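Knowing the structure of chain A, use the given hints to seat chain B on it.
Number of protein chains: 2
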Amino acid sequence: MKLDKLVGERFKERPADCVIDSHALMVRGGYMKYVANGIYSQYMPLKRIMRKIEQIIREEMDAVDGQEVLFPVVLPGSLWEESGRYESVGSELLRMKDRNGSPLVLGMTHEEAAVQLVREYGGSYTRYPFMVYQIQTKFRDEPRARGGLIRVREFTMKDAYSFHTSQEDLEAYYKECFRAYERVYKRAGLKNVVAVASDSGMMGGNISHEFMFVTPVGEDSLALCPQCGYRANMEAAECVAPAPASDGEKSRALGKVPTPGMQTIEEVCNFLNLPKEKSCKAVIYQKDDERYVVLFIRGDLEINETKLINFLKATVRTAVITEDSGLLAGYIGPVNLKAGCEVLYDRSLQGAAGLCCGANEVNYHFTGLNMERDCPGAVFNDFAKIREGDACPQCGEHAITLERGIEIGNIFQLGTKYTKAMGMHYLDSEGNQQLPVMGCYGIGVGRLAASVCEESHDNFGPIWPISIAPWQVHLCCLRADDGEAKAFADSLYKDLQARGMEVIYDDRLLSAGVMFSDADLLGVPVRVVVSPRNMKDGCCEISTRDKSVSMKAPVAEAADEVEALVKKLSGELTI
Amino acid sequence: MKLDKLVGERFKERPADCVIDSHALMVRGGYMKYVANGIYSQYMPLKRIMRKIEQIIREEMDAVDGQEVLFPVVLPGSLWEESGRYESVGSELLRMKDRNGSPLVLGMTHEEAAVQLVREYGGSYTRYPFMVYQIQTKFRDEPRARGGLIRVREFTMKDAYSFHTSQEDLEAYYKECFRAYERVYKRAGLKNVVAVASDSGMMGGNISHEFMFVTPVGEDSLALCPQCGYRANMEAAECVAPAPASDGEKSRALGKVPTPGMQTIEEVCNFLNLPKEKSCKAVIYQKDDERYVVLFIRGDLEINETKLINFLKATVRTAVITEDSGLLAGYIGPVNLKAGCEVLYDRSLQGAAGLCCGANEVNYHFTGLNMERDCPGAVFNDFAKIREGDACPQCGEHAITLERGIEIGNIFQLGTKYTKAMGMHYLDSEGNQQLPVMGCYGIGVGRLAASVCEESHDNFGPIWPISIAPWQVHLCCLRADDGEAKAFADSLYKDLQARGMEVIYDDRLLSAGVMFSDADLLGVPVRVVVSPRNMKDGCCEISTRDKSVSMKAPVAEAADEVEALVKKLSGELTI
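Going line by line, the protein sequences match chains A and B. Following our numbering, the numbering of the first sequence begins with 524 at its first residue and continues without gaps. Following our numbering, the numbering of the second sequence begins with 524 at its first residue and continues without gaps.
Any given hint could turn out to be false.
Note that the list lumps identical chains together, so a pair holds whenever it fits in one copy or between two copies.
30 Å max Cα-Cα, derived DSSO-like pairs, lysine-lysine [to be verified]: (1) 1091 x 940; (2) 943 x 799; (3) 1017 x 1090; (4) 1017 x 698; (5) 620 x 714; (6) 528 x 709; (7) 1009 x 1059.
I should point out that these hints are in silico values taken from the structure, not numbers from a laboratory. Since this is a predicted model, take the numbers as computed values, not measurements.
One chain only, chain A, in its complex shape:
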């Protein structure tokens, strides 16, 4: 490919609307173009990167006996009605009607389509296990598209669906897929990846993992324990129960104290000279039917609303406390709470004593609250957000660190949610009807490309790993009006291509500065510079985009050296 023919513009200025570096560089480098909110076109360099990532994924899915299929982008609404998700999924699911008024949706995930495809095939236990996958365009009507390819509305995704006759078989296969995912990231050259236990959200099922690219620009928060290797999405990270209160604290009596006008934990604790850990905070939510939910939690902790929603199996919002609710904002406590609302207790209060809390009376709080004694029958569940330095739910060490990450893959053990809802059965070896157990496995291709760019770039452009780089070799001929330089560069271009290398060749009559800026933006790993000055010494320059290699090679050995370097770089990413 001659660079002067490459469609797309490269420029120096960082676009004002690009918040993260990978987005800015991929716009500046002529990789992508904005079409609409969260919708982009891809120029040739990005399309080549995407195809290489897709091929890596395809090979790894084939290696775990996956069969590539293709599901439709446009699905009948009736299919999503079968699973119940036509109603339950929010407006991320783009719904529309065809010319006959039949409801259609744009596929954002394909569990329904997968079950529909194999429902009859999977009628006998002898056909299990099997896995089908596709690499296809998806659409999710995201309310907040951001970060270029990191969060878009239209995206290319590999999604896989496995079917099993037992939970044990699913779990064994799930582990194989887990390892296949690790290989995908390694081969794509992404280093800083951790797998975390995750909340399964709308997908259903129980056990699931997210593969997270750890980066400060990530949207997700991760809880990691460097002591034992525990890793979880903050949404899913369990908070362990604290040590129970001492006997001394437990023996203190409940006493009402006047706290005039003090409505916040800070005000009350300051006034009572208590640390916030010694308070019982009330947080009030409302369900869709307006009913109140009062959640008591230790005063120094925050609520993880995902845990709350999963517990309630219902969405909630911050409450509007009305006069007739029976709730006295600022003075709500677990003792003498009269209002007819649902009351929940966070695990942080389990066994706690010597706490202050609202007295359900304006301008009064209690002190000496002993949960066991004063709230008999309270059931404690985990609703709190884990914090830096908290106890690890796995090893118990107070070593939790928080990091930010971008989700670059997820795997779910779905159980029988979809097969049950959609009536997929098989006959077991004894002729009994059974429900197949499913797993599903997703990777966003564009998001992975952007993550690699985010991890591996400098101020001048991406530094693409050779396995996914748009080309392997970037050949620059400086002063292409010099006959000798041009003739050698032309012959080297042909030679490298004949050896099977992917070469982008820049023989424009431009300054070295412009040519090198463009080369930096294209981020091709191996660079060869031919110039009249080096030709005088019978040499050309060979270097890597990451600057780890920089050498001069005699012209007669140039092609051999480049080939060896390409092989070496490729070998480093081969598993």
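Same frame as chain A, but now just chain B:
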């Protein structure tokens, strides 16, 4: 790949809803599954065929300097408003709104997206010509999906867009693309393809060609001249003017004759003892604004409504003739026609004389109509449908034959329709602003796959050309419970794979009949059968799906023979 693991069901019965063979075989063979009207999922064998066709197309597009890009499936309505097609295209264009109420459409063709992608890049003449293409899912809300993959609503298409600084440059490139298309069909193994001049329809532009797979099950009609090679879609085939009438006919006087109750050409001609060629028929249409269009044509001819619509640049429908229209149905003629309607004359009437026609008076017709004399000022245009045996518009021989065909590709010279509407300009070498000239080039991948199947199948299944077959070799081990046969088949399977061949291996313990039925349905070109009986002779059987090769090979030479056969078949489809 082991056949016993292949997801998808194969069966014998022809599905009742399958009209054409390729559809029936691709359903029976486990290639595709119905999801909704015109929407299918693809199982692995079809997905593999699709990918091979896509790769052939990709290579041929790259060979004409195309750059692979990717446009969005979901496009903002505003982009289609720029070209005017948001309004002008009918309900094939699926329109919807996102969560914020912004109009979106599903891309059915991507001229707008192509111009949007390169509008800034193409700002200088130095950057021309260039071509971008994509292989992507499209959606067209077809009123009548039919024939399996022949006419679907969701489909995979390669669409390419070229940009030029002159019509001459476009024409030169158009010819290159024309030849690239011929190579695609040849490499995909489709033989019976003709390129025909076509009507450009909603795409705009003037010169365009359709590549037609000639088959009795085609939806399109083609006019072909075996004498000179003229080829056109019937929609676009020109009808030439007939020889002028003789002086004797011209000299006959116009005379009114009573034709009581006779309203059809048949009745009037029978009564007057005239051939239908000697009548002037009136066909009445109405435009969207209710205005009448009266088209006179020779009585033996039919109207090609596409020609009429293109001439009027407006859609028309068959008229409802009301009493106050001034038109007397059954008696309408060109002389004394009073009604205030648009009057058109088909070229078949040019120079004609001695005709009968309506007298615009109930129960009366004229005879002796001389167009030149009696319809002074009439302008004659081509509105007729060409017929078998008609004069060829190219060589004049009365040799036209009609065939049916399936459109498997189309190429258009678009001119400046889109660049003008969307404000894409470039500066020429003298600094003047100019409009780029565009071409566009489409191939439906699934329709091509189905066409190959339609052309190349027998009663038992498809006969895939090796270039697009899901696998190259189908290995059957009969009686896999026989140790010797199974051991040899297993080793041959490994050997063939190690030599780079794509093998599907059937070692199920089933009857030879079932195994061969499945092999026929999968249509893999080279078949190897290992059986205990042949093992006794130290042989296995090697044959081709099309039965042109059938041999026994000693086991020691089996892999060599298979490899040679695969190479020979591949070589026949290489250009």
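task: If the cutoff is 30 Å on CA atoms, where do residue 943 and residue 799 land: within, between, both or neither? Let me know, please.
output: Cα proximity of residue 943 and residue 799: none, with 48 Å in one copy and 68 Å across.
field: Copy assignment of residue 1009 with residue 1059, given that the CA separation must stay at most 30 Å
entry: Within. Shortest intra-copy distance 13 Å satisfies the 30 Å Cα cut-off; inter-copy 66 Å does not.
- prompt: Are the CA atoms of residue 528 and residue 709 at most 30 Å apart within a copy, between copies, both, or neither?
  reply: between (33 Å within a copy, 29 Å between copies)
field: Intra- versus inter-copy proximity for residue 714 and residue 620 (alpha-carbon distance at most 30 Å)
entry: Classified as neither: same-chain Cα gap 44 Å, cross-chain 40 Å, threshold 30 Å.
field: 30 Å Cα threshold - placement of residue 1090 relative to residue 1017
entry: both (18 Å within a copy, 27 Å between copies)
Intra/inter-copy verdict for residue 1091 and residue 940 if alpha-carbon distance must be at most 30 Å: Close neither inside one copy (47 Å) nor across copies (51 Å); limit 30 Å.
field: Within, between, both or neither, where residue 1017 and residue 698 count as close if Cα-Cα is 30 Å or less
entry: Classified as between; 27 Å across copies, 45 Å inside a copy.
Of the numbered hints stated above, those contradicted by the structure are hints 1, 2 and 5, listed in ascending order.
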